[in-house]
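2 protein chains.
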Amino acid sequence: CDDAAMAEARAHDAMLTKPPGALGRLEDLAVWYRGWRGGARAEIAAPQIIVFAGNHGVAARGVSAFPAEVTAQMVSNFEQGGAAINQIARVNGASLDVVPLSLDRPTQDFTVAPAMAEDEFTEALRAGWEAVNPEADLLVVGEMGIANTTSAAALATALLGGGAEFWTGRGTGVDDAGLSLKTEVVAEGVALHADKGDGLEALRRLGGRELAAMAGALARARALRIPVILDGFICCAAALSLARTAPGALDHCVAGHLSAESGHRRLLGALDKEPLLELNLRLGEGSGAGLAIGILKAALACHAGMATFAEAGVSDA
Amino acid sequence: CDDAAMAEARAHDAMLTKPPGALGRLEDLAVWYRGWRGGARAEIAAPQIIVFAGNHGVAARGVSAFPAEVTAQMVSNFEQGGAAINQIARVNGASLDVVPLSLDRPTQDFTVAPAMAEDEFTEALRAGWEAVNPEADLLVVGEMGIANTTSAAALATALLGGGAEFWTGRGTGVDDAGLSLKTEVVAEGVALHADKGDGLEALRRLGGRELAAMAGALARARALRIPVILDGFICCAAALSLARTAPGALDHCVAGHLSAESGHRRLLGALDKEPLLELNLRLGEGSGAGLAIGILKAALACHAGMATFAEAGVSDA
Chain A
21 CDDAAMAEAR
31 AHDAMLTKPP
41 GALGRLEDLA
51 VWYRGWRGGA
61 RAEIAAPQII
71 VFAGNHGVAA
81 RGVSAFPAEV
91 TAQMVSNFEQ
101 GGAAINQIAR
111 VNGASLDVVP
121 LSLDRPTQDF
131 TVAPAMAEDE
141 FTEALRAGWE
151 AVNPEADLLV
161 VGEMGIANTT
171 SAAALATALL
181 GGGAEFWTGR
191 GTGVDDAGLS
201 LKTEVVAEGV
211 ALHADKGDGL
221 EALRRLGGRE
231 LAAMAGALAR
241 ARALRIPVIL
251 DGFICCAAAL
261 SLARTAPGAL
271 DHCVAGHLSA
281 ESGHRRLLGA
291 LDKEPLLELN
301 LRLGEGSGAG
311 LAIGILKAAL
321 ACHAGMATFA
331 EAGVSDA
Chain B
21 CDDAAMAEAR
31 AHDAMLTKPP
41 GALGRLEDLA
51 VWYRGWRGGA
61 RAEIAAPQII
71 VFAGNHGVAA
81 RGVSAFPAEV
91 TAQMVSNFEQ
101 GGAAINQIAR
111 VNGASLDVVP
121 LSLDRPTQDF
131 TVAPAMAEDE
141 FTEALRAGWE
151 AVNPEADLLV
161 VGEMGIANTT
171 SAAALATALL
181 GGGAEFWTGR
191 GTGVDDAGLS
201 LKTEVVAEGV
211 ALHADKGDGL
221 EALRRLGGRE
231 LAAMAGALAR
241 ARALRIPVIL
251 DGFICCAAAL
261 SLARTAPGAL
271 DHCVAGHLSA
281 ESGHRRLLGA
291 LDKEPLLELN
301 LRLGEGSGAG
311 LAIGILKAAL
321 ACHAGMATFA
331 EAGVSDA
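Protein chains in written order, with the UniProt record's numbering: chain A, 21 to 337; chain B, 21 to 337.
Honestly, the hints are just simulated from the structure, not real lab data. Among these hints, one or two may not hold up.
To be verified - As a list, the in silico DMTMM-like pairs of lysine to aspartate or glutamate whose alpha-carbon atoms are at most 20 angstroms apart:
(1) B:Lys216 / B:Glu138
(2) A:Lys293 / B:Glu138
(3) B:Lys293 / A:Glu298
(4) A:Lys216 / A:Asp139
(5) A:Lys293 / A:Asp48
(6) B:Lys293 / B:Asp271
Quick caveat: nothing in here was measured; it's all calculated off a predicted structure.
The shape of chain A in the complex, shown without the other chains (with noise of 0.2 angstroms):
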């Protein structure tokens, strides 16, 4: 993170025609952005959002609202732009790509062995590494995977602890019986897998493509100084493997919304974030972090276009 841009850009925000501090968290987003890129005040122009897709072996011990077939027909709604993303991406001015990620081939059932083999979780990351396109100025990485929130919610409870039924949800709207089954096998699947290394081999053994992915496309943005927003559990939970493998990996990333699912406002916690946004949404897709790419434009908007007291002939206080 470039400091001096970031002194650069707070000196320039006290010179703005507004009372200092009035523009709230945009002044510190437009500051913490301005640290990742460097250089010269400018606009967000490029942003780009991912959505990753998966299919889960755990989907067949019946964890999920919807069947898993549902994931490749939700990657054909996104290529034909029939989807939540697809207009939240125009309505940002953001491009839109869709990785899907082998969904003929669903990740092991973690209840009985580890949802990749090295040379899988390898390719998976890979793949979301080439993704982030190096001409992007933000990213949000999003997902599309029947039963990627009973995945997400083992990997809370390896990495962070206190039991199943605390970081275990709804998802897309399973009922009580529903979610007490998805509990017991968050809870097999943990019992399997924790305490076998470190979060990345956590997410391997837990995860699956797409969170794999996710954590790629996160890592390759820090190499790439672009700034990211995070999206719901599932995307905080891809996060929170590479957050406890390296401290500070999470430094290039802002939350977006919290999520409706239970325990993303804990898991945010834990990744010490505060949303932008809480608007009651429970979809995935990047669609919460797609929402705060206005408010993101906005500030830098904001930052780089507005007139300072002397240019403008305003008094100041």
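Dock chain B against the given chain A, drawing on the hints supplied.
Frame of chain A; chain B shown alone:
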């Protein structure tokens, strides 16, 4: 409000390719919006932001951190494109109109006389009424007026009770001595003018031209069935004067942003409105509501643009 359009919107939402309820508040926003607009599904294409500016006699009491000439200077800044609201309007694809209201003729100091004579008040209401573009499909009203948080606090105190200290905040950033003086000025004004009539009479006595114009614009928007996003403390104080005159007068309005101005949370509570955003802004100009335009645009884009389960060939739960 068009009940048939709302029912059609709710039924259409249930067919879209997402788990029921997964778009959270976006779903409710789309249904509410369509109820006011009626007719076919459509995206938001022509949002209008109007910034009204007025000067306040009570500024001479020293209640603001900034000198009164800043009102006219900021109007010039709006016209030159250098203020925060210019950037926020641009990022959100909104038109921006600036309406200065007799800036060379401040209102009367409300601690000694009603802020506006009857004809001045009517003129300001009409300026607001006429500023609304009948072709707009979404409206934000903002304001600029040195000392207008003093006016807004007096209105809230007169109409809602609780005492001047309950409603008086730091505005653009007065210090403790300034806050103390400001609270005293609010109390003096309320003692002189309270219980002298309905909400509009309170607006004439304690408000300002830009607050009256905002009330006029809100009423016109309702007549034209143009949904409104309310801004911060001052906008909501003007809106309160309508709500206290005609129950339901704000049914076409949602709250855009919870301001850092201390009384705003309570004022939104009195209006029974839940803000869409909470980003710690306290600038006015319509900035908080302007940021929420993107959220409402995304809600309608999802509602109008998403494929149904049947169209996309996606299996339902």
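These are the hints, each one checked on the structure:
1. With a C-alpha separation of about 14 angstroms, the suggested pair lysine 216 of chain B and glutamate 138 of chain B falls inside the 20 angstroms cut-off, and the hint holds.
2. Taking the CA atoms of lysine 293 of chain A and glutamate 138 of chain B, the gap is about 52 angstroms. The hint is violated against a cut of 20 angstroms.
3. The hinted pair formed by lysine 293 of chain B and glutamate 298 of chain A meets the criterion: a straight-line CA distance of about 15 angstroms does not exceed 20 angstroms.
4. The straight-line distance between the Cα atoms of lysine 216 of chain A and aspartate 139 of chain A is roughly 18 angstroms, inside the 20 angstroms bound, and the hint therefore holds.
5. Proposed proximity of lysine 293 of chain A and aspartate 48 of chain A is supported: the alpha carbons are some 13 angstroms apart, at most 20 angstroms.
6. Proposed proximity of lysine 293 of chain B and aspartate 271 of chain B is supported: the alpha carbons are some 10 angstroms apart, at most 20 angstroms.
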